[in-house]
Amino acid sequence: MELARAVENAIGTRVSIRAYRDEEVPEEVILKVLEAGRRAPSGENAQPWKFIVIRDRVMRLKLSEIARRGSGRRFTGEFVTGVMDKRFKGLQDEEKKRRIYRNLTTGSVSAFIATAPVLIVVIGNKKVWDTPYDCSAAMQNMLLMAHALSFGACWVNAGTLDVRDELKIKELLKVPEDYKIVSIISLGKPKENRQPRKRYPLEEMVYSEEYGNSYFK
Amino acid sequence: MDKSDKTAYFNEILADVVKSFYDERGLGARYRLTLVGVDYLRNVVCQNGNVIKDVNDIMSLISSFVKERQLAEDISWQLVDEIAQYIKAKISGCLHQEMCNKLGSSGIDVLVCPIVNMIMFLVESSLSKTCEFAETERSERHCESKVVFFSSQQ
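So the protein lines, in turn, are chains A and B. Offset between the first sequence (1-based) and my numbering: plus 12. Offset between the second sequence (1-based) and my numbering: plus 1465.
Think of the hints as simulated: they come from the structure by calculation, not from any bench. Hints may be right or wrong, so weigh each one.
To be verified - One-sided excerpt, in silico: chain B residues whose CB lies under 10 Å from chain A:
1) Y1474
2) F1475
3) Y1505
4) R1507
5) M1585
6) F1586
7) L1592
8) T1595
9) F1615
From a predicted model like this one, the values you see are computed outputs, not experimental measurements. Even glycine gets a Cβ: it sits at the ideal position worked out from N, Cα and C.
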């Protein structure tokens, strides 16, 4: 029961941290986070993941710039087509809306990875059936372990969502053709104290025996 | 099989592939297809030593390229500088119209446009601006696409 409580607590209190203190991440923390990834389930136990640990400041800046441009580009597209207005139509505070728009369309929302002391780039073997799912399981394990160790982490897709950006990162990190870049985890001591974002109620997402038949009567 | 039957076949197959991608990845699929068509352009255009100074040069080059190879009947464009800078490209009589029609009948918006990808490739490689295929409005005979610029210095 103690284990169940600890796991429930870790899952329930984990948040994505995007602001970090200027402190090194101890090696034992990095190793524990990587070990958590290594222990994830995978189809056929293929374990298609590999992890590239980035501490070098110049490399972090380069990855941050790719992420910033990827985000900024996509959000500028949403802004021009009116999608962003629809997304934030409930937001009445115009000044806050302007700040959010600026943060998104400049890509600043994703540039924070330059400030994380450590980035872990998760790559997956393409010659396996279930690479994205397997690597996602690994990543979630890693996020939970970081949180359990009182470190902050964030799953960052901004630099890897578009294949154009993924290929730039592959070239930078010399990732071979047989592997794809799945995503990046930023890791560091949190500088911010955040609450978990709202989730949809369980009642809205669970069905009994078939879709549409609510599990909760 | 005559040429139009072959085109119909290839478009049908392409639509099936794109739909499979969409069924697997949802809206994220469009970001994995942004290089489709680029190698075809690169193998020809980059060998010709074309000099590109601005967006109009790019669009003129794409327009000639696409018409010579009968990938589309016509391309017209505007460079818009309102809330952001973007190209509004109108492509008429595109070879892939049937692919888009089939996807549209499944309720799937245009996820991939090789011609737009070619435009984006030239903008990035020649003008150091990164760009996004923001949206397409489709009709029976043409598509009007917005390619939005994001300056590297932004």
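Handout entry: Restraint check, 10 Å cut-off on beta carbons, for R1507 of chain B near chain A
Key = violated (13 Å)
Handout entry: Given hint T1595 of chain B near chain A, where the shortest CB pair must fall under 10 Å
Key = At about 5 Å, which falls below the 10 Å cut-off, the nearest Cβ of chain A leaves the hint on T1595 of chain B intact, so it holds.
Handout entry: When the least beta-carbon distance from M1585 of chain B to chain A is tested against 10 Å, hint result
Key = With a minimum Cβ separation of about 8 Å from chain A (threshold 10 Å), the hint on M1585 of chain B holds.
Exercise for the section: Could you check if F1475 of chain B really has its C-beta closer than 10 Å to a C-beta on chain A? Expected result: F1475 of chain B check fails; min Cβ-Cβ to chain A is 22 Å, beyond 10 Å.
Practice task
Using Cβ atoms only, decide whether F1586 of chain B comes closer than 10 Å to chain A, and label the hint accordingly.
Solution key: holds (9 Å)
Handout entry: Minimum beta-carbon distance criterion (10 Å), F1615 of chain B to chain A
Key = Hint holds; F1615 of chain B Cβ to chain A Cβ min 4 Å, cut 10 Å.
Problem - Restraint check, 10 Å cut-off on beta carbons, for L1592 of chain B near chain A - result: At about 14 Å, which exceeds the 10 Å cut-off, the nearest Cβ of chain A leaves the hint on L1592 of chain B violated.
Practice task
Mind checking the CB of Y1505 of chain B against every CB in chain A and telling me if the closest is under 10 Å?
Solution key: Where the cut-off is 10 Å and the nearest Cβ of chain A is about 16 Å from Y1505 of chain B, the hint is violated.
Handout entry: Interface restraint verdict for Y1474 of chain B against chain A (beta-carbon cut-off 10 Å)
Key = This interface hint is violated because 27 Å lies over the 10 Å limit.
Hints 1, 2, 3, 4 and 7, counting from the list given before, are not met by this structure.
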